[in-house]
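Student: Please build the complete structure, drawing on both the sequences and the hints.
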Amino acid sequence: MSTGSGAVPAVRVPATRRYDGRGLTGPGITAAYLGLLVLIPIAAILWRSVSDGVDDFWAAITSPQAQAALQLTLLLSGAVTLINALIGTLIAWVLVRDDFAAKPFVNALIDLPFALPTIVAGLTLLALYGPQSPFGINVAYSQPGIMMALLFITLPFVVRAVQPVLEELDREMEEAAASLGASSPTVLRRIVLPNLLPAILTGAALGFARCIGEFGSVVLIAGNIPYRTEMASVYIYGQVEADQPGAAAAVSVVLLVISLVLLAVFDVIRRRISRHSETPA
Amino acid sequence: MDVRWLRADGLAHVSHPRRRRARVFLAVAAVMAAAFVVTPLAALAQDAQSAPGAVTLAAYTTPREVYEELIPMFQATAAGAGVQFETSYTGSGDQSRAVEAGLPADIVALSMWPDVERLVEPGIVAPDWDENEHAGIVSNSIVVFAVRPGNPKGIATWDDLIREDVDVITPNPFTSGGAQWNLLAAYQAQIEQGRTEEQAREYLKQLIANTSVMDRSAREALTTFAAGQGDVLIAYENEAIFAQQAGQPIEYVVPDQTLLIENPVTVTLTGDALVPAQAFVDFLYTPEAQAVFGQKGYRPEVDEVLAQFDYLQPADLFTIADMGGWPEARPRFFDPETGIVAGIFAELGRDAA
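Chain order of the listed sequences is L and F. Our numbering applies: residue 1 is where the first sequence begins, and numbers increase by one. Our numbering applies: residue 1 is where the second sequence begins, and numbers increase by one.
Note that these hints are calculated values from the structure, not bench results. A virtual CB, placed ideally from N, CA and C, is assigned to each residue, including glycine. Misleading hints may appear alongside valid ones.
[What the hints assert, rightly or not] Computed footprint of chain F on chain L; a stretch qualifies when at least three of its residues, placed anywhere within it, have a C-beta under 8 Å from a C-beta of chain F: (1) 102-110; (2) 130-137; (3) 186-198; (4) 224-231; (5) 243-257.
[Said to hold, decoys possible] FRET-style restraints, in silico, Cβ to Cβ: (6) L:G28 x F:A126: 41 to 51 Å; (7) L:V120 x F:P152: 46 to 56 Å; (8) F:N132 x L:V261: 49 to 59 Å; (9) F:E328 x L:A43: 35 to 45 Å.
Tutor: Set out below in structure tokens:
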């Protein structure tokens with residue numbers, strides 16, 4: 001629909017007829033839909049995690065094996081999130097600002113990790129970067145291997161969050177800054193990055209949340225040795241298998257809370273930045 | 001902000017007819033969303049009500065090839081004529097929990113006794129399900145060592161597995177109920193060789209320390225081994241034979257002391273086709289059906305049929321009963337808090353830290 005040229009003239013609209021997005025059928029449906037699909041299941045997990053008693057909940061999440069798995073998961077997910085924020089922004093930049101023949105192809109490529117069942121992703125990575133790697137790269141059953149799987153499955157988040165913002169970003173701002181004598185790094189630091197940061201944070205937070213819950217690809221490439229290469233999701237699966245659903249729910253709740261806190265923190269930062277950049281000059 | 005929004009959206013929703021259109025659009029979207037969610041759910045719910053009279057077999061993954069051959073054979077008998085089947089295959093623990101949670105099943109065929117026993121308490125399986133002539137077991141296997149072609153590391157005994165130059169693969173005993181057979185075999189093999197319980201525990205610790213990958217399931221461990229990782233895979237004989245029949249370049253060694261793996265089957269009390277289901281379970285013990293198990297790499301439960309196959313007889317074959325049975329062995333070794341194996345993992349984790 002939109003040509004993306006930004007050439008639509010800004011028309012003054014009478015305030016009384018301004019569209020405000022309210023009064024549509026939305027809120028009721030949204031509430032029912034989210035309630036059924038998200039709220040009730042999450043509440044059930046919360047309930048299950050404490051239904052054996054608070055002591056059991058505490059014991060489950062402080063058991064040394066659970067702690068080791070949680071630490072590994074957070075460490076690797078954090079590292080992956082940082083890499084995603086950097087490389088994802090770079091890829092988005094290249095896709096928006098650079099012109100090259102293979103661009104539509106590369107653009108389509110970005111979403112493929114979403115389409116692939118993660119267990120297939122794990123198998124493929126294992127075949128390519130495992131003991132029989134045709135390239136002589138063997139990272140399987142090690143922390144770099146786990147990171148590779150996580151990077152693969154979370155690639156689209158930051159790219160797809162940053163891309164539309166970058167497309168909308170007014171290049172005149174950059175040109176104005178440059179014409180006033182700002183160097184390229186200064187333009188990047190003072191103009192481009194502040195505008196992109198909310199999108200980068202959104203993408204990074206989603207990617208992080210995806211990482212800490214990832215199971216399918218990780219279970220194949222991690223090695224799953226308790227205390228060494230066992231990720232939280234695999235540990236949780238082990239608890240389910242050992243008929244300890246309460247413990248499994250408890251550790252899941254820890255993951256949920258960490259995700260929630262991170263999403264909230266990032267959201268606060270995002271709002272701060274948006275409010276700041278919206279202040280009329 | 002508003003100006004920017006308007007620019008981006010091209011004033012699409014300002015005039016009244018367009019607003020109406022937006023409402024229609026939203027309503028249609030809502031109906032479509034509801035349809036997308038509700039239709040598959042309803043379809044699933046319908047699937048759960050199996051066709052009347054059909055026998056639903058809920059089994060673990062590995063004997064799929066066996067049952068796919070046995071079902072048509074049964075349908076060709078007088079008892080099985082006209083009996084329809086529906087089958088479901090997934091990991092033994094997952095399958096057991098699915099049936100416990102309400103997955104309709106007339107027959108459960110699982111990899112180990114505890115997965116069937118779990119169904120007794122909720123009243124899905126009769127408490128005396130394992131008190132028949134075969135103790136509820138339909139097929140067997142043994143714990144073996146799968147090795148590379150030509151056995152380059154010369155692996156023959158349990159002691160070889162803790163050599164420094166040997167890298168071991170075995171599934172994670174917490175995620176794979178079946179993997180518990182392997183570690184139980186390793187422990188009891190020490191006892192059978194006259195070692196003390198302390199020595200057996202120390203052996204188990206060294207074995208686990210020597211393990212580089214612990215996959216979620218036996219089948220994934222086989223994939224890992226086939227992908228080139230490790231020198232020896234602690235495996236079930238039927239899985240090793242399956243891999244060979246699939247053309248994978250592996251050999252296997254039967255250690256002198258090893259554990260008999262016993263796979264149970266039973267009908268449920270909650271199914272809607274008890275008579276044909278029981279007829280099928282009875283059919284599984286006929287010589288023809290047992291022979292199919294034998295051809296697919298399982299050791300037949302019926303002795304006369306087992307004798308027709310040239311399965312290697314280990315010098316010292318012990319069973320879970322020699323270890324006190326599952327109700328005793330499972331918590332002793334695999335309780336996540338107090339079990340021997342959990343303790344070993346914790347020690348190794350501390351050593352590494």
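Student: Look at each hint and say if it fits the structure.
Tutor: Status of the hints after comparison with the structure:
no., hint, in the structure
1, 102-110, "violated (count 0)"
2, 130-137, "holds (count 3)"
3, 186-198, "violated (count 0)"
4, 224-231, "holds (count 6)"
5, 243-257, "holds (count 3)"
6, L:G28 x F:A126: 41 to 51 Å, "holds, 49 Å"
7, L:V120 x F:P152: 46 to 56 Å, "violated, 32 Å"
8, F:N132 x L:V261: 49 to 59 Å, "holds, 55 Å"
9, F:E328 x L:A43: 35 to 45 Å, "holds, 38 Å"
Hints 1, 3, 7 from the list above are not met by this structure, while the remaining hints are.
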